[in-house]
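Enquirer: Given the sequences, and given the hints that come with them, work out the whole structure.
Residues per chain, in single letters:
Protein chains: 4
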Amino acid sequence: MKDVQNSHDDRRIPLQKVGIKGVQYPITVMDRQNKSQHTTAKVNMYVDLPHNYKGTHMSRFVEILNEHHGRVSVLEMDDILKAMMSKFDCKTAHLEIRFPYFIEKAAPVSGALSLMDYDCWLLASLDRSSSGDVFDMVIGVGVPVTMVCPCSKEISDRGAHNQRSTITIQVRSTALVWFEELIEIAENAASSPVYTLLKRDDEKAVTEAAYDRPLFAEDAARNVSEKLREDNRIIWYRVESENQESIHNHNAYAMAESD
Amino acid sequence: MKDVQNSHDDRRIPLQKVGIKGVQYPITVMDRQNKSQHTTAKVNMYVDLPHNYKGTHMSRFVEILNEHHGRVSVLEMDDILKAMMSKFDCKTAHLEIRFPYFIEKAAPVSGALSLMDYDCWLLASLDRSSSGDVFDMVIGVGVPVTMVCPCSKEISDRGAHNQRSTITIQVRSTALVWFEELIEIAENAASSPVYTLLKRDDEKAVTEAAYDRPLFAEDAARNVSEKLREDNRIIWYRVESENQESIHNHNAYAMAESD
Amino acid sequence: MKDVQNSHDDRRIPLQKVGIKGVQYPITVMDRQNKSQHTTAKVNMYVDLPHNYKGTHMSRFVEILNEHHGRVSVLEMDDILKAMMSKFDCKTAHLEIRFPYFIEKAAPVSGALSLMDYDCWLLASLDRSSSGDVFDMVIGVGVPVTMVCPCSKEISDRGAHNQRSTITIQVRSTALVWFEELIEIAENAASSPVYTLLKRDDEKAVTEAAYDRPLFAEDAARNVSEKLREDNRIIWYRVESENQESIHNHNAYAMAESD
Amino acid sequence: MKDVQNSHDDRRIPLQKVGIKGVQYPITVMDRQNKSQHTTAKVNMYVDLPHNYKGTHMSRFVEILNEHHGRVSVLEMDDILKAMMSKFDCKTAHLEIRFPYFIEKAAPVSGALSLMDYDCWLLASLDRSSSGDVFDMVIGVGVPVTMVCPCSKEISDRGAHNQRSTITIQVRSTALVWFEELIEIAENAASSPVYTLLKRDDEKAVTEAAYDRPLFAEDAARNVSEKLREDNRIIWYRVESENQESIHNHNAYAMAESD
Numbered sequence: 000m001k002d003v004q005n006s007h008d009d010r011r012i013p014l015q016k017v018g019i020k021g022v023q024y025p026i027t028v029m030d031r032q033n034k035s036q037h038t039t040a041k042v043n044m045y046v047d048l049p050h051n052y053k054g055t056h057m058s059r060f061v062e063i064l065n066e067h068h069g070r071v072s073v074l075e076m077d078d079i080l081k082a083m084m085s086k087f088d089c090k091t092a093h094l095e096i097r098f099p100y101f102i103e104k105a106a107p108v109s110g111a112l113s114l115m116d117y118d119c120w121l122l123a124s125l126d127r128s129s130s131g132d133v134f135d136m137v138i139g140v141g142v143p144v145t146m147v148c149p150c151s152k153e154i155s156d157r158g159a160h161n162q163r164s165t166i167t168i169q170v171r172s173t174a175l176v177w178f179e180e181l182i183e184i185a186e187n188a189a190s191s192p193v194y195t196l197l198k199r200d201d202e203k204a205v206t207e208a209a210y211d212r213p214l215f216a217e218d219a220a221r222n223v224s225e226k227l228r229e230d231n232r233i234i235w236y237r238v239e240s241e242n243q244e245s246i247h248n249h250n251a252y253a254m255a256e257s258d
Numbered sequence: 000m001k002d003v004q005n006s007h008d009d010r011r012i013p014l015q016k017v018g019i020k021g022v023q024y025p026i027t028v029m030d031r032q033n034k035s036q037h038t039t040a041k042v043n044m045y046v047d048l049p050h051n052y053k054g055t056h057m058s059r060f061v062e063i064l065n066e067h068h069g070r071v072s073v074l075e076m077d078d079i080l081k082a083m084m085s086k087f088d089c090k091t092a093h094l095e096i097r098f099p100y101f102i103e104k105a106a107p108v109s110g111a112l113s114l115m116d117y118d119c120w121l122l123a124s125l126d127r128s129s130s131g132d133v134f135d136m137v138i139g140v141g142v143p144v145t146m147v148c149p150c151s152k153e154i155s156d157r158g159a160h161n162q163r164s165t166i167t168i169q170v171r172s173t174a175l176v177w178f179e180e181l182i183e184i185a186e187n188a189a190s191s192p193v194y195t196l197l198k199r200d201d202e203k204a205v206t207e208a209a210y211d212r213p214l215f216a217e218d219a220a221r222n223v224s225e226k227l228r229e230d231n232r233i234i235w236y237r238v239e240s241e242n243q244e245s246i247h248n249h250n251a252y253a254m255a256e257s258d
Numbered sequence: 000m001k002d003v004q005n006s007h008d009d010r011r012i013p014l015q016k017v018g019i020k021g022v023q024y025p026i027t028v029m030d031r032q033n034k035s036q037h038t039t040a041k042v043n044m045y046v047d048l049p050h051n052y053k054g055t056h057m058s059r060f061v062e063i064l065n066e067h068h069g070r071v072s073v074l075e076m077d078d079i080l081k082a083m084m085s086k087f088d089c090k091t092a093h094l095e096i097r098f099p100y101f102i103e104k105a106a107p108v109s110g111a112l113s114l115m116d117y118d119c120w121l122l123a124s125l126d127r128s129s130s131g132d133v134f135d136m137v138i139g140v141g142v143p144v145t146m147v148c149p150c151s152k153e154i155s156d157r158g159a160h161n162q163r164s165t166i167t168i169q170v171r172s173t174a175l176v177w178f179e180e181l182i183e184i185a186e187n188a189a190s191s192p193v194y195t196l197l198k199r200d201d202e203k204a205v206t207e208a209a210y211d212r213p214l215f216a217e218d219a220a221r222n223v224s225e226k227l228r229e230d231n232r233i234i235w236y237r238v239e240s241e242n243q244e245s246i247h248n249h250n251a252y253a254m255a256e257s258d
Numbered sequence: 000m001k002d003v004q005n006s007h008d009d010r011r012i013p014l015q016k017v018g019i020k021g022v023q024y025p026i027t028v029m030d031r032q033n034k035s036q037h038t039t040a041k042v043n044m045y046v047d048l049p050h051n052y053k054g055t056h057m058s059r060f061v062e063i064l065n066e067h068h069g070r071v072s073v074l075e076m077d078d079i080l081k082a083m084m085s086k087f088d089c090k091t092a093h094l095e096i097r098f099p100y101f102i103e104k105a106a107p108v109s110g111a112l113s114l115m116d117y118d119c120w121l122l123a124s125l126d127r128s129s130s131g132d133v134f135d136m137v138i139g140v141g142v143p144v145t146m147v148c149p150c151s152k153e154i155s156d157r158g159a160h161n162q163r164s165t166i167t168i169q170v171r172s173t174a175l176v177w178f179e180e181l182i183e184i185a186e187n188a189a190s191s192p193v194y195t196l197l198k199r200d201d202e203k204a205v206t207e208a209a210y211d212r213p214l215f216a217e218d219a220a221r222n223v224s225e226k227l228r229e230d231n232r233i234i235w236y237r238v239e240s241e242n243q244e245s246i247h248n249h250n251a252y253a254m255a256e257s258d
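Respectively, the protein sequence lines represent chains A, B, C and D. Note that numbering that gives the first Met the number 0 numbers the first sequence so that position 5 is 4, with each residue one more than the last. Note that numbering that gives the first Met the number 0 numbers the second sequence so that position 22 is 21, with each residue one more than the last. Note that numbering that gives the first Met the number 0 numbers the third sequence so that position 63 is 62, with each residue one more than the last. Note that numbering that gives the first Met the number 0 numbers the fourth sequence so that position 243 is 242, with each residue one more than the last.
Calculated directly from the structure, the hints in this document are not laboratory data. No residue lacks a Cβ here, since even glycine has one placed at the ideal position from N, Cα and C. Among these hints, one or two may not hold up.
Here are a few chain A residues that sit away from chain D, every Cβ distance over 12 Å (derived from the structure) [stated by the list, open to error]:
(1) Q32
(2) H37
(3) A82
(4) L122
(5) G139
Simulated crosslink set (EDC-like; lysine to aspartate or glutamate; CA at most 20 Å straight-line) [unchecked claim]:
(6) A:K90 with A:D78
(7) C:K198 with A:E62
(8) C:K226 with C:E180
(9) A:K90 with A:D8
(10) D:K152 with C:D156
(11) B:K152 with A:D200
(12) D:K226 with D:D258
(13) D:K198 with C:D156
(14) B:K152 with A:D156
(15) B:K152 with C:D2
(16) B:K81 with B:D126
(17) C:K198 with C:E103
(18) B:K104 with B:D201
(19) D:K198 with B:E62
(20) C:K1 with A:D200
(21) D:K198 with C:E153
(22) D:K41 with D:D118
Expert: Dropping the structure here:
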């Protein structure tokens, strides 16, 4: 049977990325508290395609994914990328995994436990250079929080508009950084964390704590930046903070990136 | 050229709806203030398919849509449905149109003008019965508003959590009901309307007004219901109110439907 | 601390549904092959609210969900609904759960194994009437398939346009119906199932099998209907078939519902 | 009334972007055929925030947008950015506009006219450097097309799987490039364009033409790259090609970027 993908292309146009996008897959992720947790992910896998090949063999990506049984840790990300490098004639390999991640959280007063979901992702790549393979990984979290508007509080005789917001942190690091660490930084950078379960005492505490700590989207981005700057493991970061403004039908946005 | 769609099907299974879904189309909608406005819509068009036909001719839906040049009013909805009835061998025809609708709105104190966008839709159908054609139309609006939590305000020494919410109203009526009327009902049923443009004076006014009128999702649904019950033109309604809770990562929801 | 939700409302407007929407939660679902599987769900929980109460206690929904630890089977759906009925002063309770469901599938020629993801959901409710509680459940699946156009094949000298489509089946039944059964019915009703992993031999087989079985969206809806009509357990069904037409930027749609 | 945004921040963290995101707005876009067309857009507007300011004045973005009445051309993009530069104490300003764009298209055989919708966007920025302001603009289009798989055609005795795909082109140029030009390049790079309205003769022609020109996602990306490389106006491009594979539930992807 003819291997069409392997046929020659003479246009001299290399492709930076070819691969599969949006594969849904059950995975097991490292969990600081419980060692590991089950969740479900959307997976993208790409390699570069040298100019002389017509196409890539898309089924091989799925085979590699299957061989690793959906286990996802920094170590396994590297293994999967290495498998991609050896199965394809390529110089770079990319693996992107995005999933909901769950952490048991105690309500601030009652201590009532419930699971909070966070949007998490890993964007890893391996790059073959003359001096050896370079592994790169971005760890990302999207953290829902409450934000109380400082301007609204200051100028109003009573109340202050507030809203659900998302703080997004992406980092590159020289040593393991847990999702839990980034989530904690994001939650501490906001007017208040949000919770899945709050009893009446908790709702009072969260309302007052948030009202006592009004912050702009700009403040949240800077609060996170400040923490990440101090962390010796972090070599690059991008922070985004997006308020689903309760008084508008559009969002307020702030972004800070390390130099 | 063979007409495959027209071939016979002998399984005796009529289909309630066959047609096209998700056609994006520029339309002109009736506007109470400016007579008409330009916007863009997603359009669905269906007819029923008698048991004995294998398929329908999907291109005819687009031809009918083209002949009406994207003009959308109650009258034209009826015309389009009649054209569908005459072009297809069918007993019912459905036309669904969803679009952003823009209204110029003055900020409460400064009077600063800006455009607010509302999600609007029309779900129309024509049904051929022995006693003649029956035209049915549901008018729908999705209205972003601010909601301040009464429980949070009551139990807290200061502040109150609030959030962007959506009030959805769908009605059937015996006489013309403007989108503007339903939007006004929704905005009056909430802690406060939202605005695209608010100067500092406006922000103070909106914050205080909302704080002075704390309402649950349940209250908003009832406030709207009360208004619709009193309106003699309205023969059916469904109201939904959904708060993007600022202290949770999930929503609070309430729904009321007329008997 | 005042219980605001419990205060009296005198407008005499009962609400059909109040509750929480969009809680993300890790769940364990019954699996015909492996007894159970881990996945993640979006959960909605509602009860009706009698006219005389101002609001409902949203945190109780989460507490009930937590007590059942995310185990989802027909039995547990009923248990959760009963817990809702006993914790709230209500006459109806609704529980809606939607999740990706994974099935290991062998490629048609090579037998290569891989996981296919299906969109699945359970819409359950409990209704208190004078003659006792009535449990109702809709089981739903969204199944990706390939559809080859019979008209395009018939009129063209070579080739035939085809596309990814989704067949959606929703049923009510008197006895357990597995997701696997509905998925199998959907896949058999299409030109061909789709697969996550296909080697070259498989791709040839799938291409030819699909080309040999051209079907309209209408045919798929009828093929499924025929199977469901014959099944004594099924007391209600709705089937939808939606082709992401490869020659258009809109979809072709067909729907059949039992009488 | 205190200007909280203007208060001093002493953490020495400048923010690269602060502003508003997701404002829905009716706009008028330049149209090669009809001079201009009405459509609706999602608008983002950002400026950088010097380290010493606590926040930005979000309402000013909306005021600037209003002053320009939603007219969008290269000239007006520049005007809006200049207005942002003069209203904010900033060194960079960003304006992002995304909208459906409609082009009347004739079916290949019947010549039947209909409107095709394309996803279009403009990402513009102005950057104040010592040597003057630098205007930068990325023009983007997302073009739906049909793609027939060359491998499937080659190895199968009959038929070939095909699917709706999206070719995304983004360019920077030294002179005006029309959306129509990029759309034409994308449509010519695929197995076939797609159409909103096709009569039976057209469907035959499209099916056969596509079958006669099987192409991988990789080929489409290269076909577009080839055209853009030859165009002296184009100084940067990124091309993406994504097939909604009809035999899989995931997509095939290829990307090429200029050096």
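Enquirer: Need the list of violated hint numbers for this structure, in ascending order.
Expert: Per hint list: zero violations.
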